[in-house]
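If you read the protein sequences in the order shown, they are chains A and B. Residue 117 in my numbering sits at position 117 of the first sequence, and the numbers go up by one each step. Residue 1048 in my numbering sits at position 48 of the second sequence, and the numbers go up by one each step.
What the hints contain is simulated information worked out from the structure, not anything from laboratory work. Accuracy of the hints is not assured; some may be wrong.
A partial selection of chain A residues facing chain B, derived with a Cβ cut-off under 7 angstroms [unchecked claim]:
#1 N23
#2 F112
#3 I113
#4 L362
#5 N366
#6 G367
With a straight-line Cα cutoff of 30 angstroms, these simulated DSBU-like cross-link-like pairs (lysine-lysine) come out [stated by the list, open to error]:
#7 A:K123 x B:K1033
#8 B:K1019 x A:K127
#9 A:K386 x A:K553
#10 B:K1009 x B:K1033
Glycine included, each C-beta is placed from N, C-alpha and C at the ideal position.
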Amino acid sequence: MKRKMEGFTERHTVLVVEDNDMNREILCDLLEDDFNVLQAENGVVGLLTLEEHGGDIAMVLLDVYMPVCDGFTFLERKQESGRFDSVPVIVMTASDSVDDEIRCLKLGATDFITKPYNIEVMKNRMKSLIRLQESAAMLNRLELDDLTRLYSKEFFFHNASIVLQSNPDGRYDIVCCDVENFRTMNERYGREQCDSFLHGLAAWLPQVLPGMIVGGRIGADVFAFLTEHQEQDWTDILKNAHFRMNPDQKPMQFSIKYGVAQDIDHEGSVSSSCDRATLALRQIKGRFNTHVAVYDEEMRRMQLREHQLVEFAEPAIENREFQIYYQPKHSLESDTTGGAEALVRWIHPQLGFISPGMFIPLFEKNGFITKLDFYIWEEVCRELRKLLDEGIPAVPISINVSRMDFEALDLAEKIASLADKYELDHSLLHIELTESIAGDNPELIASTLERLHENGFIIELDDFGSGYSSLTSLNTLTLDVLKLDMSIIRHAAATSDYSILRYAVLLADGMRLKTVAEGVETADQVAALKVLGCDYIQGYYYSKPLPGPEFEKYIAARCA
Amino acid sequence: MTIQELYEKIGGSYESAKKILPTDKMLAKFVQKFLSDKSAEKLLAAHESGDETGMFEGSHALKGVCANLGLNRLSKLASEISEEYRPGNPKTMSPDELERHFTDLKALYEATISGIQEFAAGQ
Chain A
1 MKRKMEGFTE RHTVLVVEDN DMNREILCDL LEDDFNVLQA ENGVVGLLTL
51 EEHGGDIAMV LLDVYMPVCD GFTFLERKQE SGRFDSVPVI VMTASDSVDD
101 EIRCLKLGAT DFITKPYNIE VMKNRMKSLI RLQESAAMLN RLELDDLTRL
151 YSKEFFFHNA SIVLQSNPDG RYDIVCCDVE NFRTMNERYG REQCDSFLHG
201 LAAWLPQVLP GMIVGGRIGA DVFAFLTEHQ EQDWTDILKN AHFRMNPDQK
251 PMQFSIKYGV AQDIDHEGSV SSSCDRATLA LRQIKGRFNT HVAVYDEEMR
301 RMQLREHQLV EFAEPAIENR EFQIYYQPKH SLESDTTGGA EALVRWIHPQ
351 LGFISPGMFI PLFEKNGFIT KLDFYIWEEV CRELRKLLDE GIPAVPISIN
401 VSRMDFEALD LAEKIASLAD KYELDHSLLH IELTESIAGD NPELIASTLE
451 RLHENGFIIE LDDFGSGYSS LTSLNTLTLD VLKLDMSIIR HAAATSDYSI
501 LRYAVLLADG MRLKTVAEGV ETADQVAALK VLGCDYIQGY YYSKPLPGPE
551 FEKYIAARCA
Chain B
1001 MTIQELYEKI GGSYESAKKI LPTDKMLAKF VQKFLSDKSA EKLLAAHESG
1051 DETGMFEGSH ALKGVCANLG LNRLSKLASE ISEEYRPGNP KTMSPDELER
1101 HFTDLKALYE ATISGIQEFA AGQ
């Protein structure tokens, strides 16, 4: 259900749901100069019209009190179906009943208009809401990865699961493919060459994988494909598949590894099947002459070994193996360091450096994340106290909160008492959460954020623009800052098309949110972001994440 | 009779009606449609039978329609009745007061209708 994006002059279709003939006709008369108007005389007809015209409807104007199916019921059913979440609803009330308005808002209404209509106000409000909605839809254009023309991660998962759902008896395999040491290749051959390599590889893979149905880029150098189940051993199938680079390109050394999950479980998620395939793949990384691994019993045991990490976790806190790194955020307005994000590193005495990408998901699964998060927050508070005590200008530091923290702790209370313990001004702590958090238990999350906000903490929404972005989280959560995901920055830099970034900044501006661009690497990107009106920049261009003492030196030098 | 004269006659607010329906032509079209609007009948019938839900729905609808036509006095009366019968609201009027509201509303409604009929006949 993609909406065309042809600038804002497009004539939009709106649906008027109102039982009173007269009010409905008045409204249609007034709107028809500016919009295509569809009419429905009650909620049931409204829902049917929505089903029928689906993606064409840009907005619904909804009366509250109607016989047959009233406005509340309409909103409830629309919310339940979830399919029209992106269609904003303006509720028209004849009353000034605050209770009604709150009830509608809770059911997902976007705005209110009181009768009698002031048509100019109304039309302008409608247009600006539609515009906001379209800016958000624009972000979702990241459906296809630009470099490889494969689906982006979320879309791949989504589309693959649709295939599984619609063919419950079908048998399927997942093949994940990874370029070994891609990071090193990038350094050795340069970004451009490597991008062009990936581009070629992504075009070649679907041709050599038998029974290929859908493919996606699920990591920087990881591709995943859903294929029909192959009886033949995948090791044999792929034995003779040799990717040859475009002869115009400078020759590069590379090695491609495949991980396969066979005859995947329809009950499980596509992402967990991909986890299995990549787990298989990880086993053969660095092995010179092995290119294909199929997930098997041994790997399952390996997965069990992952649980070992979970066991190591508890003592790791006591032994202070988790270290906090701080990545500065540069304020474009003041041209100084305007803050930092706290990031965690785990250095285990035997296992060495353990990537957060490895342990965080594990801890999120088993709940240990809450303990670790709390440990990190306290370390950050201690660091801030130290800065203040030593007379180094303290900048706000963002701490990450996980979904589980909301459920396990009285988060607002916990963070406030922590800040108070170290006698920190609350504005020095920024609370960072990812967009996906909002999906679960939205009321709890919204109310917790509200309380944090009332307590003077600044709320940042991370990863905005990665995967599915929806206006719902912007609408329902109390936010101050929008962090634009690296993928949008990369997309803009790679294509020199800054329109998505522009709309993201515009969207943030419209909602009075500050913007932070993450993953900024070059002066060109900084210059472009400056022009677009982005507020803060985080990324290697200014600084990599720094351990505490280096971070202190960094800001002492910058903010002096 | 001009539309403005009609409004004077029935005690509506021509100015507020024009804010919503900017041309006389639109106003004339919709004010005549008020003749076939069933909200008031529904309200009065519900009142006869003591149907509280019907009274809320009827008065609420009437209030909205009248507000859009600039029939402010009628809209206000309807609004006061609808608040009285809104599910969950406490009763604030005495039975006498309520009765007076209905009597006033009925009289005003009938005067408005006959005014509009006269206007329609001259079109």
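Structure-based check of all given hints:
1. N23: This hint holds: N23 (chain A) lies near chain B, its Cβ roughly 6 angstroms from the closest one there, short of 7 angstroms.
2. F112: Violated. Min distance 14 angstroms.
3. I113: violated, 12 angstroms
4. L362: violated, 50 angstroms
5. N366: With Cβ-Cβ at 46 angstroms, over 7 angstroms, it is violated.
6. G367: This interface hint is violated because 42 angstroms lies over the 7 angstroms limit.
7. A:K123 x B:K1033: Holds - the C-alpha atoms of K1033 (chain B) and K123 (chain A) are around 24 angstroms apart, at most 30 angstroms.
8. B:K1019 x A:K127: Holds, at about 20 angstroms.
9. A:K386 x A:K553: holds, 13 angstroms
10. B:K1009 x B:K1033: Roughly 18 angstroms between the alpha carbons, so the hint for K1009 (chain B) and K1033 (chain B) holds.
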